[in-house]
Amino acid sequence: MATPTSTVTRGGNRHWHCTQVLPLLLLVPLCFALLVESGGIPTTLDGPFPPATRAFDRALRQGSNDVPLTDPRLAPRVQPPAPEQIALAASADADSLWVSWVTGRARVGSSNLAPLDPAAAGSEVWYGERSAADAASYPHVVTGSAEVYSQLYPYPGLLNYTSGAIHHVRLRGLRPATRYYYRCGDSSLPGGLSDEHSFTTLPATGAGCYPRRVAVVGDLGLTGNSTATVDHLARNDPSLVLMVGDMTYANQYLTTGGKGVPCFSCSFPKAPIRESYQPRWDGWGRFMEPITSKIPLMVIEGNHEIEPQGHGGEVTFASYLARFAVPSKESGSNTKFYYSFNAGGIHFIMLGAYIDYNRTGVQYSWLEKDLQRVDRRATPWVVAAWHPPWYNSYSSHYQEFECMRQEMEELLYEYQVDIVFSGHVHAYERMDRVFNYTLDPCGPIYIGIGDGGNIEKIDMDHADDPGKCPSPSDNHPEFGGLCHLNFTSGPAKGKFCWDRQPEWSAYRESSFGHGILEVLNSTYALWTWHRNQDAYAENSVGDQIYIVRQPDKCLLQPASASSLNW
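Just so you know, the sequence shown maps onto residues -33 to -1, 1 to 533 in mature numbering (1 follows the signal peptide of the UniProt record, and there is no 0).
Calculated from the structure, these hints are not laboratory results.
Positions of the beta carbon are idealized from the N, C-alpha and C atoms, including for glycine.
Any given hint could be a false lead.
Using C-beta positions, here's what the derived DEER-type ranges look like [said to hold, decoys possible]:
#1 Asp466 x Ala81: 54 to 62 Å
#2 Leu12 x Pro239: 53 to 61 Å
#3 Asp466 x Leu27: 25 to 33 Å
#4 Thr327 x Arg40: 42 to 50 Å
#5 Ser332 x Phe23: 36 to 44 Å
#6 Ala87 x Ile8: 52 to 60 Å
#7 Gly224 x Leu522: 51 to 59 Å
#8 Leu522 x Ala238: 37 to 45 Å
#9 Ala238 x Asp162: 36 to 44 Å
Derived DSBU-like pairs: lysine-lysine, alpha-carbon spacing no greater than 30 Å straight-line [what the hints assert, rightly or not]:
#10 Lys520 x Lys336
#11 Lys261 x Lys237
#12 Lys435 x Lys424
#13 Lys435 x Lys460
#14 Lys462 x Lys424
#15 Lys226 x Lys424
#16 Lys424 x Lys237
#17 Lys226 x Lys237
#18 Lys237 x Lys460
#19 Lys336 x Lys296
#20 Lys462 x Lys435
Start from the sequences and build out the full structure, keeping to the hints where you can.
See the structure below:
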């Protein structure tokens, strides 16, 4: 069934106002449910499902090397002061959008490396609803700010880095679901403006309006596998991309560059600090620009963004904090480590696992207030994302962030968060609805999507495989403590690991890929996971299911939900 859309004719762009189709949408859930019942795609109402595993295809490579910076897709394509690495990001609502880019050339060298002047080129975005031959022909122009950051290492033999000027401009007063054309840069400098690009704003907040497709990818990196993931994702034509951490893997390199490695500590055991080669960020930004210059990219930090620098690594996340614009102030968090935004009838919450998440902390307080403000009549769907998974049956990172789960899970359950996306584990896994390690029809659907293709290779071992259960002292998180536990009920009672695939793990597979979420109405959403090796196979998917909300049965309080049985 076609996804409801919304448009009006004005200024050459067609889009319906969502309110005009709301009477029709009252009939959609019933009609759609009847269609689903006659189709072959399962729904979460059919669950819980018998746990299923598709073993790793040994004919495939477990991983691939990074693409070199000399590759034309990663190398500079313009000369300063022209903008490059152009990227869009959503604001809190559809009437606003962020545009970011880089000017000037980054520098790598020894001590006393002088940073660029961020004011050397202005931060302007010229835009309008019609294509224009030059900047002066656009009806709107808005200015923003620029910054530079440095990655500094006070250790002999290590090289430092200072970035190009990173510009961020927020556009306001936009019309939802409308195509805009734009150029960014500095109109006062010869060659200072970009070529014309375009984007379509997200639909207005409302239960009848949803993004066409939301792509979800994690732990991407920039290998041959990563490029296959991005190419496959682009062919699926999303209107929004969620990146659940670990973008570039620049910290798989020494500061002198050279070749990236799958295991930094194994290859460089004498390194005085976890080094990084920051030019990889610039190459990644250039590679992603064909997508990010026209589709909003929403990111959240992962452990590979920590990138410690200085004496003892006291400075962290410098690149992540400088390079990305996110709606932190708009959503009341005032930090890029966690924030929220609306995309039509979906409220997205992006949480930080590498900053205080305890119940007495600022992030928890913000999360509680954010959930309290959600109007489920306007945004029926609530989707959360953060980097390390709470539910994961692979040996890699098993129970690593159990402390975070114990602090936050009850709050997300209480406010009936519908779907949770995470990465960190380099494989795919979809859970049945679960709460506190117990199958629960009102728990979220947790999905691990950390299979973007990075240089650390695919994860294949499961904690329930013979001899593959980690020790409770393994898997130390980069932030927070250890809260590993033995299960207190069910077939794994008294054990740290199951002896078979856990009952809450519906499907798992060790393959690279990405996911597409298509919200169809206030109760039905189609989730599709695409494995990379199927990219050229017509109508081939790795995993597909309709996720169904039951707001009449799962009320916004834990007592009502926990009393239900499947």
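Cross-check of the supplied hints:
1. The hinted window of 54 to 62 Å between Asp466 and Ala81 holds, with their beta carbons roughly 60 Å apart.
2. Taken as a hint, the range 53 to 61 Å holds for the pair Leu12 and Pro239, whose Cβ atoms sit roughly 55 Å apart.
3. Here the CB-CB span from Asp466 to Leu27 is close to 28 Å, well matched to the stated 25 to 33 Å.
4. Separation of Thr327 from Arg40 is about 46 Å and conforms to the stated range, judged on CB atoms against 42 to 50 Å.
5. Range check, Ser332 to Phe23: about 42 Å between beta-carbon atoms, so the 36 to 44 Å window is met.
6. Between Ala87 and Ile8 the CB atoms are about 54 Å apart, so this pair conforms to the stated range of 52 to 60 Å.
7. A beta carbon spacing of about 56 Å between Gly224 and Leu522 agrees with the range 51 to 59 Å that was offered as a hint.
8. Here the CB-CB span from Leu522 to Ala238 is close to 53 Å, at odds with the stated 37 to 45 Å.
9. At about 41 Å, the beta-carbon gap between Ala238 and Asp162 stays in the expected band of 36 to 44 Å.
10. In summary, the hint linking Lys520 to Lys336 is supported, as the alpha carbons are separated by about 24 Å, within the 30 Å threshold.
11. Of the pairs offered as hints, the one joining Lys261 and Lys237 is violated, with about 43 Å between alpha carbons and a cut-off of 30 Å exceeded.
12. Pair hint Lys435 plus Lys424 holds up; C-alpha atoms about 18 Å apart against a cutoff of 30 Å.
13. Taking the CA atoms of Lys435 and Lys460, the gap is about 18 Å. The hint holds against a cut of 30 Å.
14. For the hint pairing Lys462 with Lys424, the CA-to-CA distance comes to about 29 Å; that is within 30 Å, so the pair holds.
15. Taking the CA atoms of Lys226 and Lys424, the gap is about 15 Å. The hint holds against a cut of 30 Å.
16. At roughly 23 Å between alpha-carbon atoms, Lys424 and Lys237 fall within 30 Å of each other, so this suggested pair holds.
17. With a C-alpha separation of about 17 Å, the suggested pairing of Lys226 with Lys237 holds against the 30 Å cut-off.
18. Proposed proximity of Lys237 and Lys460 is contradicted: the alpha carbons are some 42 Å apart, above 30 Å.
19. Using a Cα cut-off of 30 Å, the hinted pair Lys336 and Lys296 holds, with the two alpha carbons roughly 14 Å apart.
20. A threshold of 30 Å between alpha carbons decides the hint, and for Lys462 with Lys435 the separation of about 14 Å falls inside it, so the pair holds.
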